[in-house]
Amino acid sequence: MGAYFKEIFTGTKSLFVGLGITIKQMLTVKVVTEQYPHEAPRMKARFRGHIELNPNEDGGTKCIVCGMCQRSCPSGCITVQGEKREGVKGKVLTKYQLDFTKCSLCGICVESCRPGAIRFSKDYNLASTRKEDYVFDLLKRLEEMNK
Amino acid sequence: MNKAAIDNQETFVLNLGPQHPATHGVLRVKLTMDGEYIVHAEPVLGYIHRMHEKMAENRTWAQYMPNTGRMDYLSALSYNHGYAAVVERAMGIEVPERAEYLRVITVELNRISSHLVWFGAFILDLGGFTPLLYAFDDREKILDLLESVTGSRLTYCYFRFGGVYNDIDENFVDGTREFIKTMRKSIPMYHDLVTKNIILMKRLNDIGPISKETIRKYGATGPVARGSGIDYDVRKNEPYSIYPEFDFDVPVYHEGDSMARYMVRMDEIEQSMRIIEQALDKLPDGPVMVAKAPKIIKPPKGDYYQAVEAARGSFGIRMVSDGTNKAYRLKLRSPTFSNLSLFSEACEGMLLPDALALMGSLDLVIPEIDR
Amino acid sequence: MDFAKLKEQLRPLAILEDVVAEETADVEVEQEEGAADLDAQSVPEPQQLPAINEVDHQAKGFDLDVKVEADKVVEAAKILDEQGFFLEAVTGVDWLKENQLEVVYDYCMWQPQCRVVIRTRLDRENPVIPTISAVIPGANWHERETHDFFGIKFSGHPNLIPILLPEDSDFHPLLKDFKVNE
Amino acid sequence: MDSELIRVIAFLVGIIAFAALNAAYLVWLERKGAAHIQRRIGPKEVGPFGLLQPMVDGLKLMSKQILIPDGVDPILFRLAPILAMIPAIMSFVTIPFSETLAARNLNIGLLMIFAFASVNVLALLLGGWASNNKYALISAVRSVSQNVAYEIPMLVTVITMVMITGTLNLNEIVAQQPNISQWYIFRFSASPLMPVAFFILFICSLAETNRAPFDLGEAESELVAGYHTEYSSMGFGLFFMGEYANIVIGCSLSVILFLGGWQDPFGLFPGVWWFLIKLYLLIFTVIWIRWTYPRTQIYGLLNLSWKILIPISMFNLLLTAGFLKVF
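Protein chains in written order, with the working numbering: chain A, 1 to 147; chain B, 1001 to 1371; chain C, 2001 to 2182; chain D, 3001 to 3327.
Chain A on its own, in the form it takes in the complex (with noise of 0.2 Å):
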């Protein structure tokens, strides 16, 4: 009997605990979600976005087209092309693109890339309809960033 009252105290007092508990949040403690659409995130230094070609001092690629990025990527997404020309040393890059729709995102071309032609990009607002957007001539972006 002693046991059935203490229950109905004990059960009743942490009901009122957490009562308490939720309306001091309530009253508190300010709110936390972030306004997405009206406050935008500031991604981290280090945020894995889709890659991008990193241009050098004049804009340009710096990549050598040794193809390290497209052999190293497990999910095969990357393709690079380039053409032998004329009083240049090495290949040229003709083509650099990005399949978005395999990628995972995990960073082994930018690891695997020893001059460095390719670095995260910051983009995260990436939404479409059709599937084609989201192959990327990086290339191409790589000339829309220097104008």
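Just so you know, these hints were derived from the structure itself, not from any lab.
Certain hints may be false.
As the list claims (entries may be wrong) - Heads up, simulated BS3-like pairs for lysine-lysine below, C-alpha to C-alpha not over 25 Å straight-line:
id: 1; chain 1: A; residue 1: Lys-102; chain 2: A; residue 2: Lys-131
id: 2; chain 1: D; residue 1: Lys-3307; chain 2: A; residue 2: Lys-6
id: 3; chain 1: B; residue 1: Lys-1298; chain 2: C; residue 2: Lys-2060
id: 4; chain 1: B; residue 1: Lys-1326; chain 2: C; residue 2: Lys-2179
id: 5; chain 1: A; residue 1: Lys-30; chain 2: B; residue 2: Lys-1185
id: 6; chain 1: B; residue 1: Lys-1295; chain 2: A; residue 2: Lys-91
What the hints assert, rightly or not - Derived CB-CB ranges, DEER-like:
id: 7; chain 1: A; residue 1: Glu-34; chain 2: D; residue 2: Val-3162; range: 34 to 44 Å
id: 8; chain 1: D; residue 1: Phe-3049; chain 2: B; residue 2: Thr-1182; range: 22 to 32 Å
id: 9; chain 1: A; residue 1: Gln-97; chain 2: C; residue 2: Lys-2097; range: 35 to 45 Å
id: 10; chain 1: A; residue 1: Lys-6; chain 2: D; residue 2: Leu-3281; range: 41 to 51 Å
All C-beta atoms in this analysis are idealised placements derived from N, C-alpha and C, irrespective of residue type, glycine included.
Starting from the known structure of chain A, fit chains B, C and D onto it as the hints suggest.
Just chains B, C and D now, with coordinates in the frame of chain A:
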């Protein structure tokens, strides 16, 4: 339990899932019910089976690293750790000390975040919505910290064979200490709001008891085993990385009911914070990547095993190498697969809501079961 | 748990195997190697020892490696179960070149830490092995999974239907001759 | 037309409008309250402070197609939501919002409310049964056993109150509590257990209206949405409105019986505003409770009723009878 009911066809089959709020993903449980009592439960798996083990055979060792994080989206780093450790074991790579410390810090942070999600989701299963958002608020701080180091928030892919791929900075250290301070304040709040609540106590005490023997027969590990009085933690019993250097306890509860499993996880958050604090205090200087990292990963022939303590139990990797740059066979032993397999036996004769409480207390992450 | 005693218990189950000279490198063994290769079918030579090897835990991650015949796995499971081991996983390995399928049972003990690996080889054409799910109910799902991936039939299994693959699947993806459609 | 008829029609329109608007804005209050308890903001985009959100939600609900799934009982399926709404609206008829603001000042107002309150459970049962859905059926069965269990302590408590007040007329009951010291919750001369009786009534009205932590009927993590799983559009909307209307009725009863209804606590300016303030404070408590506790389990719920609430309310009944006899 009620044979007569089955024979008289007084039972009915209730399909819990694959799309059901309580299964946390695409798990289906075929329940044979006698009224609201469960006569027989049969989990049906494989709705997001991705054949990770075959992928391992088609990718180079380094390329497979992102996959391991995707098995368990809540504690991805533990899985990265297991995979990195087994390959390092095979190749005999010595990881620099600082890298090991960073691994421990990040894995333990990840463990806390995983337990916080579990805590919230478990209370959500029991019908309380608010603790979920408090837990997510605390977890958000961890995700921010981990993002500042690893660059992503869920599937970190932070470890490399022979180290980690990025060093931490002062901000991370300060932020982690700050987080531990706030977390220390939050946990008593959780206990007041949830643990001591009479409704929750009534719902968890003595619900879904699992005996030691059942745990052993089904090979359950992690908090599920520790809630049944089994003092088994891979970090202590089969130490890997630099865990022996830290002073922490393994919380063990002997009741075996849902409350015990709940308490184990809540106590583990505290223990993880202790480990992180010690690691931050002792953090040595030095490189975070082994100096002569092998360019091409080709582990010598043979098979190797490595178990790590993931948030849900002992995650084991058995790898068979034939000396090439791809795995010959990679077996991923996911803890929840074994943990869930005892559900069918444990929930017989229980009421539906109790069975869901039991299922919640097993801490299921479906992609990890299905792999 | 008495490790030495466990070894003694498991020793009769292990198949006899030519000793490959390793840490027990003796001159005699090296001499015998050639001879054993010539007539593997002959009466076991004294140098053919039971395939029960202690393994360096630090290097390999497990302690005891036992090779048994397929029909001995249940007995091994019983011994290990009595000793207080639990089953970590059952899995397979496809050895296409040798035309064999290997079934691997990972056992583990909580205290003191000890991992025992029981492995057995099956013919690839007709992979049948008795189930251990009667001894260790937890093996049920692991065996179903192994059946999914390798097509290994566990005779006596109560419910050998696909667990992770679709219920109507008739392929076994982890076999080495399974073609992946990229 | 005689004035009595106009009065009835005016009140009927008023009540329906009140019930609908009230449900809509209680949803808003619920969402806002929940959000702030959970460190969020809640609805804020539609109108200032999201005040237009419930209107837009209502429009959306009304413009949706009413889906009648195959295999349901077509008549009962349509009947159930209506049956959920009607008793709630009928109960409003006798609630005295102020001294004069009541559709009907019935002598047996209290009895009528309880008569209609018991019809409410029929709607859940019909909805669950007619849906031809296992989740809905389980939910219906749970709701019925829960309602039956909680009707007893509730009625015993109300009988105690009737013994004290000596009337079933709600307006008279309110008139007996002109200021805070005479509120029945603090009327210790009638029975020292009056606050306990208030709690019992409050808990029971939570359980009767299927509110958390007693929302076993629509336990969303177990039974998806319970008895209204299969309902869409306004079928769902009516269940929803009915639920909120019932909350208002339950809280009104507590206010009228224990907290002095439309009376000013200080005995100065009685009026409808006092009733509404008390009512909405109590409703806020209901919301606050919902977002604090986990859900009870069916045996916990029945244990609470049969082992705690019924004995205590019975004891209170005896005690009150003794007090009435002695003093």
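*Does the alpha-carbon distance linking Lys-30(A) and Lys-1185(B) stay inside the 25 Å limit?*
holds, 16 Å
_Checking one constraint from the list: CA of Lys-102(A) to CA of Lys-131(A), max 25 Å. Satisfied?_
This hinted pair holds, its Cα atoms lying about 11 Å apart.
*Measure nothing beyond the straight line between the CA atoms of Lys-1298(B) and Lys-2060(C); if it is 25 Å or shorter, mark the hint as holding.*
The given pair, whose Cα atoms are some 16 Å apart, holds under the 25 Å limit.
*41 to 51 Å as the expected CB spacing between Leu-3281(D) and Lys-6(A), which holds or is violated*: At 31 Å between Cβs, range violated.
_Verify the CB-CB distance for Gln-97(A) and Lys-2097(C) against the hinted window 35 to 45 Å._
holds, 39 Å
*Given the hint of 34 to 44 Å, check if Glu-34(A) and Val-3162(D) actually sit that far apart at their C-beta atoms.*
violated, 54 Å
*Would the pair Lys-1295(B) and Lys-91(A) pass a check requiring their Cα atoms to be no farther apart than 25 Å?*
holds, 24 Å
*asked:* Next pair to validate is Lys-1326(B) with Lys-2179(C); report whether the Cα-Cα distance is within 25 Å.
replied: holds, 16 Å
*Could you grab the alpha-carbon distance between Lys-3307(D) and Lys-6(A) and see if it respects the 25 Å cut-off?*
Given pair Lys-3307(D), Lys-6(A) holds - Cα atoms ~14 Å apart, limit 25 Å.
*Cβ distance range 22 to 32 Å for Phe-3049(D) and Thr-1182(B), holds or violated*: holds, 30 Å
This entry does not satisfy hints 7 and 10, going by the numbered hints stated previously.
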